[in-house]
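Line by line, the protein sequences are chains A and B. Note that the first sequence covers residues 1 to 233 in our numbering. Note that the second sequence covers residues 1 to 324 in our numbering.
Incorrect hints may appear among the rest.
As the list claims (entries may be wrong) - Taking lysine to any residue pairs in the SDA-like style, the calculated list, with each CA pair at most 25 Å apart, reads:
no., chain 1, residue 1, chain 2, residue 2
1, B, Lys62, A, Thr90
2, A, Lys75, A, Asp181
3, B, Lys62, B, Leu142
4, B, Lys62, A, Ala126
5, B, Lys31, B, Leu18
6, B, Lys62, A, Arg209
7, A, Lys67, A, Pro129
8, A, Lys67, B, Ala249
9, B, Lys62, A, Ala69
10, B, Lys79, B, Lys100
11, B, Lys100, B, Val115
12, B, Lys62, A, Pro52
13, B, Lys154, B, Arg200
14, B, Lys62, A, Arg72
15, B, Lys31, B, Arg200
16, A, Lys67, B, Lys79
17, A, Lys67, A, Thr90
18, A, Lys75, B, Thr78
19, B, Lys154, B, Leu142
20, A, Lys75, B, Arg56
21, B, Lys79, B, Lys31
22, B, Lys31, B, Leu135
23, B, Lys62, A, Arg105
24, B, Lys79, B, Leu114
25, B, Lys62, A, Arg84
26, B, Lys79, A, Asp181
27, A, Lys67, B, Leu80
28, A, Lys67, A, Asp181
29, B, Lys62, B, Cys45
30, B, Lys79, A, Thr92
31, B, Lys100, B, Pro16
32, B, Lys62, A, Pro129
33, B, Lys62, B, Ile85
34, A, Lys75, B, Thr76
35, A, Lys75, B, Leu54
36, A, Lys75, B, Leu114
37, B, Lys62, B, Ser86
38, A, Lys75, B, Ser52
39, B, Lys62, B, Lys154
In short, the hints are calculated from the structure, not lab data.
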Amino acid sequence: MLEVDGVTVRFGGVVAVDGASIEARSGEITGLIGPNGAGKTTLFNVITGVQPAAGGTIRLDGTDITKLATHRRAKMGMSRTFQRLELFWTLTVADNVRVAAELARHGDPTALTEELLDRVGISHLAAEPSGSLPTGSARLVEVARALASTPRVLLLDEPASGLNESETVALGALLRQLVADGLAVVLVEHDMSLVMDICDHVSVLDLGRIIASGPPAEVRTQPAVIEAYLGVA
Amino acid sequence: MFNQANVFRNGVVEVPALDLPGLDLTQPGQKLVFLAVAFSVLALCVVALRRSRLGRRMVAMKDSPLAGATMGMNLTATKLAAFSISAAIASLAGALNAGKVTADQFAWENSLPLVLLTVVGGVAAVSGALFGGALLGLNTLLAAAIPTLSNLTKVLPGIVGISLGRNPDGAVPQIEEPFAPVGRHLPSLVIAIAGAIVLRLLTGPVLSNWSFTVGLIVWVLAVVPNLPGILSGEVPVARRVTVAVGLAAAMLLAAGIDWGTVLNATGWRLLVAILIVAGAGLTGRSALDATPRAPRESPDMIGIDRDFSPAEIAEVDRVLGGVR
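This is chain A alone, in the form it adopts within the complex (with noise of 0.2 Å):
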């Protein structure tokens, strides 16, 4: 469904991200991790049109999507939560919510603010505004709001740092439910138990080039991981 293809990012002279290739498939949830600093948001940037590419391509169902606006990939079915949280702070998280139903024109605002609030467990929270949430409820309200758009292709940028035990646990099993319903996921997480639990596949970036890729059991064992994450071989 998305493929990302030999993607290149340079920050003048500092190359970001270096000819990466992921591919996220309907029905899996691909995991993206990599140690700090690796490119892994800027990869998230890049997708979404945030960033430019300096070079590859990027194709969604087939069209080539490298260069276009990104408001226009969101309406193709291309969605995103942020690391450093995005929330339109002075709406209340239902607004936040419903100004994403708004503009995806899928059947009705109101009833899917509703529905998706209680799929993420904080309908209680609808009324309030969203600048004055703790970390973790704010992060479910950016899964909420990208689930809102109506995405084929959700990018998920560390939903689970600030949740607590059991609400990454639930988190997780709604991801599994979405992937079962045809979504297609990128997961960017440094909960690796969570990944390994819930990923199809793992793509490891460090540095701006994926290192490994394959099934999580696999590339947990790949020595050139291992030395990613611990600095031995």
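Please arrange chain B on chain A, whose structure you already have, making use of the hints.
Okay, now just chain B, sitting in the frame of chain A:
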């Protein structure tokens, strides 16, 4: 643009007053009421817009353009809508600004205090525009009434702007706070409106215009915010009666004195009016604190939940190598 010869031919353009049946808008009194009505209607339209789909979208874009775009928002189109609506409102205001219009009224420096005072009022609230406009009007009045202060009134908008450092949302959200409980308490609301009507009815036979003005200021700013607390609430009855008697005395004093004869210069009247507004505003907030205000976190204190202990200060000194 306004300096071009084809816009202002001799530097002055005569704009005829709006011709409405039954209204003579060249008369100041009728014009004032008409403009107030026009402002209110526009304000209601803006509030309706704010609660609409487009309004939500515009607020969302202000909070996070990045998230907006990734949810499918066309930022260019949304900004264009916001600026078009602003321009439409401004041009309507310009059309209502009848009389002699000169090019130098539109000098770019003149727009600076306008923008600044609107932000001081609060750009996120509709009443912010009213408050900013009132401040600007008051400043002009003050400059005309007390020429000695002309230097001060020139820099006053700038000085007021400094307050934004502490209160970036503007003044209006803070001013509205004490009035929120009144809106939720029907008896208080009825008494508040009835009191204002009684004051108006007494004007003429009993009260002079100046007494009405001062009385209304004290009524709205000092008495009304305390009505819910006096009529109901957790405060002991004795305290409620004391406050009620105190406020009644203040009302008698405010409306009882014929300010027009006591103070015979407009400048003095203005100064006293400002002092009364300030005093009444403070009383309204503190006389009966039935609804404790949410503590406002000072920006200087964010991230610090307590004072440092002497041991910690010594540790910092040691790490910095005794720089202090």
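Against the structure, the hints come out as follows:
Simply put, Lys62/B and Thr90/A have alpha-carbon atoms about 9 Å apart, close enough for the 25 Å limit, and the pair holds. Distance restraint check for Lys75/A and Asp181/A: the Cα-Cα separation of roughly 19 Å lies within the 25 Å cut-off, and the hinted pair is therefore satisfied. Using a Cα cut-off of 25 Å, the hinted pair Lys62/B and Leu142/B is violated, with the two alpha carbons roughly 36 Å apart. Proximity of Lys62/B to Ala126/A is assessed by CA-CA distance (about 21 Å); at most 25 Å being required, the pair is judged to hold.
For the given pair, Lys31/B sits about 10 Å from Leu18/B by alpha-carbon distance, which is consistent with the 25 Å threshold. For the given pair, Lys62/B sits about 35 Å from Arg209/A by alpha-carbon distance, which is inconsistent with the 25 Å threshold. Proposed proximity of Lys67/A and Pro129/A is contradicted: the alpha carbons are some 36 Å apart, above 25 Å. The hinted pair formed by Lys67/A and Ala249/B fails the criterion: a straight-line CA distance of about 72 Å is larger than 25 Å.
With a CA separation close to 19 Å, the supplied pair Lys62/B and Ala69/A stays within the 25 Å bound. Taken as a hint, the Lys79/B and Lys100/B pair is broken in the structure, with Cα atoms around 34 Å apart against an allowance of 25 Å. Between Lys100/B and Val115/B the alpha-carbon distance is near 23 Å, which keeps this suggested pair within the 25 Å criterion. A threshold of 25 Å between alpha carbons decides the hint, and for Lys62/B with Pro52/A the separation of about 23 Å falls inside it, so the pair holds.
Restraint check: the Cα-Cα separation between Lys154/B and Arg200/B comes to about 35 Å, which exceeds 25 Å; the hinted pair is violated. With a C-alpha separation of about 20 Å, the suggested pairing of Lys62/B with Arg72/A holds against the 25 Å cut-off. Straight-line distance between C-alpha atoms of Lys31/B and Arg200/B comes to about 20 Å, which keeps the hinted pair within the 25 Å bound. Distance check on the hinted pair: Lys67/A and Lys79/B sit about 22 Å apart at the alpha-carbon level, within 25 Å; holds.
Proposed proximity of Lys67/A and Thr90/A is contradicted: the alpha carbons are some 32 Å apart, above 25 Å. Among the hinted pairs, Lys75/A with Thr78/B is consistent with the structure: their alpha-carbon atoms are about 16 Å apart, no more than 25 Å. Restraint check for Lys154/B and Leu142/B: satisfied, since their Cα atoms lie roughly 11 Å apart, inside the 25 Å limit. A C-alpha spacing of about 19 Å is found between Lys75/A and Arg56/B, which places the hinted pair at or below 25 Å, so the restraint holds.
Between Lys79/B and Lys31/B the alpha-carbon distance is near 33 Å, which puts this suggested pair outside the 25 Å criterion. For the hint pairing Lys31/B with Leu135/B, the CA-to-CA distance comes to about 20 Å; that is within 25 Å, so the pair holds. For the proposed pair Lys62/B and Arg105/A, the alpha carbon gap of about 21 Å is at most 25 Å, so the pair holds. Between Lys79/B and Leu114/B, the direct Cα distance comes to roughly 21 Å. Compliance with the 25 Å bound is thereby established for this hinted pair.
Distance restraint check for Lys62/B and Arg84/A: the Cα-Cα separation of roughly 17 Å lies within the 25 Å cut-off, and the hinted pair is therefore satisfied. A distance of roughly 36 Å separates the Cα atoms of Lys79/B and Asp181/A; the hinted pair therefore is violated under the 25 Å criterion. Restraint check for Lys67/A and Leu80/B: satisfied, since their Cα atoms lie roughly 23 Å apart, inside the 25 Å limit. Restraint check: the Cα-Cα separation between Lys67/A and Asp181/A comes to about 29 Å, which exceeds 25 Å; the hinted pair is violated.
With a C-alpha separation of about 20 Å, the suggested pairing of Lys62/B with Cys45/B holds against the 25 Å cut-off. Our distance criterion of 25 Å between C-alpha atoms is met by Lys79/B and Thr92/A, whose separation comes to about 22 Å. The straight-line distance between the Cα atoms of Lys100/B and Pro16/B is roughly 9 Å, inside the 25 Å bound, and the hint therefore holds. Proposed proximity of Lys62/B and Pro129/A is supported: the alpha carbons are some 15 Å apart, at most 25 Å.
Restraint check for Lys62/B and Ile85/B: the C-alpha separation of about 16 Å stays at or below 25 Å, so the hint holds. Proximity of Lys75/A to Thr76/B is assessed by CA-CA distance (about 15 Å); at most 25 Å being required, the pair is judged to hold. Between Lys75/A and Leu54/B the CA atoms are separated by roughly 18 Å; this keeps the pair inside 25 Å, and the hint holds. This hinted pair does not check out: Lys75/A and Leu114/B have alpha carbons roughly 39 Å apart, beyond 25 Å.
The suggested pairing of Lys62/B with Ser86/B holds, with an alpha-carbon distance near 15 Å, which does not exceed 25 Å. At roughly 21 Å between alpha-carbon atoms, Lys75/A and Ser52/B fall within 25 Å of each other, so this suggested pair holds. For the hint pairing Lys62/B with Lys154/B, the CA-to-CA distance comes to about 32 Å; that exceeds 25 Å, so the pair is violated.
Comparing the model with each earlier hint shows violations of hints 3, 6, 7, 8, 10, 13, 17, 21, 26, 28, 36, 39; every other hint is respected.
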